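Peer 1: Take a look at the letters that make up each chain.
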Amino acid sequence: MSTTPPKTPAATAATTGPRGAAEGGLWADAFGVLRRNRAAMVAAATLALLAVLVVVVPAVSPNAFDRPDWDHISAPPALEGGRLFGTDSLGRDLLTRTFYGGRMSLLVGLVATLVSLVLGITWGAVAGYAGGRVDRVMMRIVDILYALPFMFLVILLMVLFGRNILLIFVAIGAINWLDMARIVRGQTLGLKEREFVEAARAMGVPPGAIIRRHIVPNLLGVVAVYVTLTIPQVILVESFLSFLGLGVQEPMTSWGALVNEGAQELETAPWSLVFPAAFLAVTLLCFNFLGDGLRDALDPRDRSAG
Amino acid sequence: MLGFIVRRVLDAIPTLLVLVTVAFFMIRLAPGGPFDAEKRLPPQVEQNLRAAYHLDEPLPLQFVRYVGNLARGDFGPSFQYRDRTVTELIAIGFPVSFRIGGLALLVALLAGLSLGTVAALRQNGAADHAAMAVAMAGISVPTFVVAPLLVLLFAVTLGWLPAGGLGSGPANLVLPVLTLALPQVAYIARLTRGSLIEVLRSPFIRTARAQGLPLHTILRYHALKPALVPVLSYLGPAAAGLITGSVVVEQIFGLPGLGRYFVTGALNRDYTLVMGIVIFYGALIILCNLVVDLLYGWLDPRAVQR
Amino acid sequence: MAEPRRTRRRALPLAALALVLGLGLAACGRGPEPGAAVPAAVAVGGATGTELHARQVLRRGGGPEPETLDPHRAEGVSSSNILRDLFEGLVGEAADGTLQPAAAASWAVSDDGLTWTFRLRPDGRWSNGDRVTAADFVYGLRRSVDPATLSEYSAILAPIENAEAVIAGERPPADLGVRALDDLTLEIRVRAPTPYLLGLLTHSSAYPVHRPTVEQYGSGFARPGRLVGNGPFVLDEWRVQSHIRLVRNAYFRDAAGTVLEEVWYYTIENADAELARYRAGELDMTYTVPARQIGWLRENLPAELKIAPYLGSYVFGFNLGQPPFRDNQPLRLALTLALDREILTGRISGAGELPAYTWVPPMPGYPSPTPEWASWTQEEREAEARRQYAAAGYSAERPLRLQLLYNTDPNHRRLAAAMAAMWREVLGVETELLNQEWQVFLQTRREGFETEAFRYGWIGDYQDPYTFLEILHSRNGLNDMGYRNPAYDELLAKAAAEVDATVRLQLLSEAERLLLADLPVLPLYFYVSKQLVKPWVAGFEPNLLDHHPSRHLRILAH
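Chain order of the listed sequences is L, D and U. Read left to right, the first sequence gives residues 4 to 309 (my numbering). Read left to right, the second sequence gives residues 1067 to 1372 (my numbering). Read left to right, the third sequence gives residues 352 to 909 (my numbering).
Quick caveat, the hints were computed from the structure, so don't treat them as lab data.
Simulated restraints on C-beta separations:
(1) Leu163/L - Ala844/U: 41 to 49 Å
(2) Gln567/U - Leu1215/D: 44 to 52 Å
(3) Thr399/U - Pro1236/D: 40 to 48 Å
(4) Pro273/L - Asn827/U: 44 to 52 Å
(5) Gln1189/D - Pro750/U: 56 to 64 Å
Okay, derived cross-link-like pairs now, EDC-like style, lysine to aspartate or glutamate, Cα gap no bigger than 20 Å in a straight line:
(6) Lys1105/D - Asp812/U
(7) Lys1105/D - Asp760/U
(8) Lys1105/D - Glu515/U
(9) Lys845/U - Asp463/U
(10) Lys1291/D - Glu196/L
(11) Lys1105/D - Glu821/U
Just so we're clear, the structure is a prediction, and the values are computed from it rather than from any experiment. Ideal Cβ placement from N, Cα and C applies to all residues, glycine included.
Please model the complete structure; the sequences and the hints are all you need to start from.
Peer 2: Written out as structure tokens, the structure reads:
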């Protein structure tokens, strides 16, 4: 994500716009607004709790995430043995596996989204601001990347780099930045004609600085919203990758993989779908409300209004 | 305007050429070939097959041959479906995908825009949270779970709708369209909400409100259009994706669309079929994005095309 | 895994939502597909139990889209099933899979086992009314092995004299050891006694084709309106990735014996989707059954679930060209013994597969050389496994680190994970599981640079141990294990030249005994075929090759 905008004289001069770039307490103010948003704070607290749980629970659980119990295959949830979520089709404890899988999914969600964020904002803002030929070429490249068969890309990555877990993140982020780039560019097209950008331009602020200080900060609202859509997408793409052999390998797991397995036992062992899916859904909802809160917090008009 | 369209159409040619080149070599780099099966062919048979499809020639020569045929509108024969040409397969598959994807797009737009608008108008109220929770449900539960659930409920248990197949009446379309539309509802609703909130705060809307214009007038004539910019940025490629079919939906509902060809084609290394669909899809993306860029100007006159 | 009957109340809110969205419309219009679900008001088969339904339409799950319906170029299971309805070879199969006369009324074999003479039925007809003659079979067999036809399966005809040379392009197709002695007499010469020749002749590669239409339309002849077959049904409609419809062939020699009027094959590659359509009443019988649902089906639809032994072997191969398995029989034995097959087949793979201790599945007449440890208890096996593991030079301090490769598939994944857990428990082996997409997997396995242990499955083409044993011949292209044992090769060669069927099977059994001592593969289980068949489908009998020609089936009143 963008770093704190530096304080420069040029910036203060151009504060006629909705967000006249680097006001001193932007982030402090934003945090203040965010704290007043109940839904966002509950969401943030839930996510923090989840983050702690996915680290702690697998470590302290009496049932290892990869130890099958041949006598309790697809057993329903029970207090006995601490199998509160039941077991999977190999008799492995689903509680431990759900939290263990959460590690992978949260990590993928965050890292891949970050990758797509950086790539998408940079590409989209530059293309939108530069306009003309640069824009055309950059956006046609995006078109090409859209159309490239993702499956082959994955197969090739797998062959070339083997199974590097870092690569999974990068690969996922590298496919998901395209939407972000298009959205950012669309917004930039409108923003760059606004008074405050024109003022900055008239003052001779170099394009790079205008993008950093005037364009990007004003994009963050829409970006924050789109991030909340990217995270679930990324988490699910991960489960598709394991279908192609690049995702997590057994006996490791992720929410995407668990939900995928559970979906095959909809009727026979509903618990194997319900628990991972519930965790996935709650996480996504939390990111959603947190994203909304961030959007409001980052919107200076909102602050003046209330 | 006309000049812009002409230029973009001319742009499409090099774009597609780059796409063809990259895709062609990428697909060939993947391990395996169209005639590799578990049961290995006698060498002479394999040799004959490769010669019949010109796979024995050096790759650059194959590429030149392929592009040459392409220029004449010939996508070549499918390797997997021996007796059919790629053109024929696309002609069979696309209408099905188009019908289902187009309907899904319509449903998603209707539901997504409504939910998004309601949420934006009641920002942070109960209606907002409810609308967003409904919308997010669409991406929290992945398609491969939703589709079997819907089938189980409406086809197997209730017997109201067919479980799959093409049929001739509208009944066969209901579940696939619904499944396909659900995640899109989430995207559209979230993006609409985010950007509508932003637009509603902008000075010109505040002025309009101060003048006492009724809310629905403001929405209809002033606010909704610019708020659609990010939705549109997202919709360009999403629309292309929707109407070219989703493999999950087509497999689960047994629909003969393009998405299924693409995945079976990729798994079987049916080079020509995959290439054909990639090119077709790429051209559609370019077309959709062109339409989107044209609409930008209409929605937000500040984002003029130059 | 008892699941309470589904209550309908729970479903109402969601259903209401769908209605509100305006999507609950038109629950009726089912389209052109025949015979919608019918409530079981009438007893199946009426009063007598054999009464026929007024509409003789069979709706089958067809599996993946057939690559072609040209019998000589088709290779998949789904296309073979349809071709079995469209064409008829010299030899056919009864509902239970036993061989029976088909286009040929009778046959005889010479004393040296090298010349077969087939007497065709005089009433054989193509679907356009033309007579089926011996020349059609000669044309068909020559076309099948002709390299220009681009058949991928023609190698199955290799036992016929000169077939290999023709396939290799070294001789013209006319040199194939097949000739028409007269209109109704066909002679096939084989290069060595081939007791399984009759089984081979049921394969689509040996079907006749109608010469005038093939010559008129070339490779595009296998389309509705063009395809002329000699089977009980004709191709009426082919909607790619949706369905293929066959209708009764009025010219078929035994048209009076064909009860079904129409057969629909629905293209469904996803087993879960197929099950849903079966349960929704849209299919009368399925192509397969998802392994994970078998437990549920046993509880809920026990009478409709048909599970039968299938001619296939599920094993894991060891790469003998690399450490740790090169020259290390004790290690291979340890890993083989340490697995509890009762658990793997009974609780993990789930369809009641037969635990395997040999490479060749049980076949009538074949004396299976079951190893001694097959009769031990699991505790005894594990104790011996630990001894062998130690003998191979491994211990708790110095455990084996093993990479287990399989192709991406939920069932393989579960099995591999269970095996890894068993090895860890019994021996302390640290297994790394690695899955790869099918084509990548095939290439990795074939190259053998980096593989250690890998999944290997084999489905027999015909009922003879040779179709399995030849894989491990040192020069066989499918020998990804890299097994090379001259004694083994020699026994196979001796068997190939043997005229006496019993002695031949003894020799093959002897070869397998060598194989099982060397253990280039780890036998796990023998496949079963799994299907769902509605109670009103009569004439269905499970069989070893899982072949169910539609002409044996009919729809009872219901």
